[in-house]
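Peer 1: Chains as they are written, first to last, in the numbering used here: chain A, 1 to 365; chain B, 1 to 365.
To be clear, the hints were calculated from the coordinates, so they are not data collected in a lab. No incorrect hints appear here.
Label-pair distances were calculated between CB atoms; the ranges are:
hint, chain 1, residue 1, chain 2, residue 2, range
1, B, H72, A, A23, 28 to 34 Å
2, A, Q240, B, G331, 25 to 31 Å
3, B, E204, A, Q263, 55 to 61 Å
4, A, A141, B, Q240, 34 to 40 Å
Far from chain B, some chain A residues (derived; all Cβ distances over 10 Å):
hint, residue
5, A69
6, R195
7, P200
8, A311
What you are looking at is a predicted structure, and each value in this text was computed from that prediction instead of being measured. The beta carbon of each residue, even a glycine, is placed where N, CA and C say it ideally should be.
There are 2 protein chains.
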Amino acid sequence: MTYERDNIRAMQGYTSGEQPDDARTIKLNTNENPYPPAPGVSEALRAFDPIDLRRYPPATARPLRTQIAALHGLAEDEVIATRGGDELLRLLITTFVEPGRAIGTTRPSYSLYGVLAAIHDSPVFEVDLTDDFGLPADFAADCNRNDCALTLIVNPHAPSGRLFSAEEIRAVASESKGVVLVDEAYVDFVDPGIRYDVLPLLREFDNLIVLRTLSKGYSLAGLRLGYGLGPASLIQPMLQKTRDSYNLDAVSQVIAASALADQTYARSTWEKVRSERVRMESALQGLGFTTWPTQTNFLLAKVPDDGPSAADVYAHLKNRGVLVRFFGTAGMDDKLRVTVGTPDENQRLLNLLNELYGTSTAEGH
Amino acid sequence: MTYERDNIRAMQGYTSGEQPDDARTIKLNTNENPYPPAPGVSEALRAFDPIDLRRYPPATARPLRTQIAALHGLAEDEVIATRGGDELLRLLITTFVEPGRAIGTTRPSYSLYGVLAAIHDSPVFEVDLTDDFGLPADFAADCNRNDCALTLIVNPHAPSGRLFSAEEIRAVASESKGVVLVDEAYVDFVDPGIRYDVLPLLREFDNLIVLRTLSKGYSLAGLRLGYGLGPASLIQPMLQKTRDSYNLDAVSQVIAASALADQTYARSTWEKVRSERVRMESALQGLGFTTWPTQTNFLLAKVPDDGPSAADVYAHLKNRGVLVRFFGTAGMDDKLRVTVGTPDENQRLLNLLNELYGTSTAEGH
Numbered sequence: 001m002t003y004e005r006d007n008i009r010a011m012q013g014y015t016s017g018e019q020p021d022d023a024r025t026i027k028l029n030t031n032e033n034p035y036p037p038a039p040g041v042s043e044a045l046r047a048f049d050p051i052d053l054r055r056y057p058p059a060t061a062r063p064l065r066t067q068i069a070a071l072h073g074l075a076e077d078e079v080i081a082t083r084g085g086d087e088l089l090r091l092l093i094t095t096f097v098e099p100g101r102a103i104g105t106t107r108p109s110y111s112l113y114g115v116l117a118a119i120h121d122s123p124v125f126e127v128d129l130t131d132d133f134g135l136p137a138d139f140a141a142d143c144n145r146n147d148c149a150l151t152l153i154v155n156p157h158a159p160s161g162r163l164f165s166a167e168e169i170r171a172v173a174s175e176s177k178g179v180v181l182v183d184e185a186y187v188d189f190v191d192p193g194i195r196y197d198v199l200p201l202l203r204e205f206d207n208l209i210v211l212r213t214l215s216k217g218y219s220l221a222g223l224r225l226g227y228g229l230g231p232a233s234l235i236q237p238m239l240q241k242t243r244d245s246y247n248l249d250a251v252s253q254v255i256a257a258s259a260l261a262d263q264t265y266a267r268s269t270w271e272k273v274r275s276e277r278v279r280m281e282s283a284l285q286g287l288g289f290t291t292w293p294t295q296t297n298f299l300l301a302k303v304p305d306d307g308p309s310a311a312d313v314y315a316h317l318k319n320r321g322v323l324v325r326f327f328g329t330a331g332m333d334d335k336l337r338v339t340v341g342t343p344d345e346n347q348r349l350l351n352l353l354n355e356l357y358g359t360s361t362a363e364g365h
Numbered sequence: 001m002t003y004e005r006d007n008i009r010a011m012q013g014y015t016s017g018e019q020p021d022d023a024r025t026i027k028l029n030t031n032e033n034p035y036p037p038a039p040g041v042s043e044a045l046r047a048f049d050p051i052d053l054r055r056y057p058p059a060t061a062r063p064l065r066t067q068i069a070a071l072h073g074l075a076e077d078e079v080i081a082t083r084g085g086d087e088l089l090r091l092l093i094t095t096f097v098e099p100g101r102a103i104g105t106t107r108p109s110y111s112l113y114g115v116l117a118a119i120h121d122s123p124v125f126e127v128d129l130t131d132d133f134g135l136p137a138d139f140a141a142d143c144n145r146n147d148c149a150l151t152l153i154v155n156p157h158a159p160s161g162r163l164f165s166a167e168e169i170r171a172v173a174s175e176s177k178g179v180v181l182v183d184e185a186y187v188d189f190v191d192p193g194i195r196y197d198v199l200p201l202l203r204e205f206d207n208l209i210v211l212r213t214l215s216k217g218y219s220l221a222g223l224r225l226g227y228g229l230g231p232a233s234l235i236q237p238m239l240q241k242t243r244d245s246y247n248l249d250a251v252s253q254v255i256a257a258s259a260l261a262d263q264t265y266a267r268s269t270w271e272k273v274r275s276e277r278v279r280m281e282s283a284l285q286g287l288g289f290t291t292w293p294t295q296t297n298f299l300l301a302k303v304p305d306d307g308p309s310a311a312d313v314y315a316h317l318k319n320r321g322v323l324v325r326f327f328g329t330a331g332m333d334d335k336l337r338v339t340v341g342t343p344d345e346n347q348r349l350l351n352l353l354n355e356l357y358g359t360s361t362a363e364g365h
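With the sequences and hints as input, model every part of the structure.
Peer 2: Structure representation (structure tokens):
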């Protein structure tokens, strides 16, 4: 017999991007930062005394939360540190969504949202983005009409890369009757000239939470460290009640602290990614791809109409050692999502595409 | 306004044992192993290349699971690696318990069980143990009558230290209509002469899961690494569906592997703890404490009737730099739970108790 709950039996788990064992594969498929973590991470690892592992770690990661609070000009009780952004998403659902009540998001969006909702036995209410991945004006009203207890907005948006403005987020927070999460997994790659910043809104609304992660901006996807920022009334129930009692191990807390301490290094990687993003955008357009404006470390690119399908291009690249992401879902089956790598990695991709499309427009490097 | 679900608003979070910042405090309150982790852990930390943190970790911790499976003579699909035992407990509830259905356990038991049930909005059905912390014969029948979807048995038992036999576990698994979890957090400290082993039962029943942790036996409480062993039909839904998509970071996976690889070292710490356990038992009895037979790395000790209360003894020891655990709950308010430390730590505790009780029965060391 089966002991699974009906909703668990009926659901599919999250599909991670491919993680090949082959170190030579160029991985432009899971939006990892192409540069190593800060030099201080290496020192923190070397300096860590293993005997400290004998004891339980700081349960609420207080030293790390103090550091994060200072970084953002917030109070310590407005910060929760979590095992990747994923844990924060789960805690939001556990804490604020009665099973069966809807969770609102956009279509398309980060595919994990639907998986977490299915685990919780809650429906997902998806609002279609506009043709150019814009947020419809009636988004919050639609979510309210469907009694959404929680609304999840990834901003900059995945998988398009588009940035919604702080004014748009403000409008959603203001109008929403439930909790609103702005998933800023990719925010570090936003052009600073845009002056995007939703953190001041945390002082204005009691229903707004912001998610950050060290996975991308700090080159620490392997560490699983994220955090949530928001009013204490939303943060504290997750921190004191629904979080696993020791959710962050002692090593991770120390490594995260060392990475966050070196903002200069982190910013240098963001700058390099932005610079390559511009080059890739122009090169892909030169090959006949359609791209969308992106403020992330990836580009969404529609393959040229008169060439091979996106599925075929994906397979062709994979056979030659370059992984990109092909979703194949409705509206996405003519597109590839390409992570911005190092200049060499990006050039390898462009060279392969040049061969495939028989052109010679690639810029030298 | 509050956005918390009603059940979350009404509940209290888990209360961790005190973790003083003062390194001089002798911590005999949270059942940590008093010895450092295996020498290989230090080497694994030094050898870890920080650039590996740039990429996502192995999502299902496959290399580690292969090693754990080999250690126990099981197949890889019968193993899930989790962030401490705590994550496994949560996954069991999420996967197998419809909210509102009961979770069975003993009274007393590990206090986290009730907290996790409250988060899930499920009642806990508690069956009183016998006066000497034995499992009542009608335990499973009682759980069935209360429609328990999951039964949680910590064995050896906490906070008493008593070991239920494999035959008793077999009877519970055989009779239970729901899933049965044997939480073997302390199993490494069981006297090998007893030949306790429930793993063969995993071949016999489709509803039995065993929890293990590296927190105590491998001196890695700070690492947050546990695992579940059971039939693939129970393990796979948790591994593939309800687990956070990357639940274990890359460093933890490697450190855990290095600790598990050195069974000789781990066993040497278990042997030392067992030897001190015997000494402590006899010394505490000599001071007038009542103790219960324990197969763990702690002792439950009732204070002498004609002396200060357990609360007072706890406070007296704490003032002098020795922390033990005082629960103060019904049936426990005349008892202290004392972790077995190093010979020096234990002697410091005994010296303080000798002073308090004005005797001179302490053995030298």
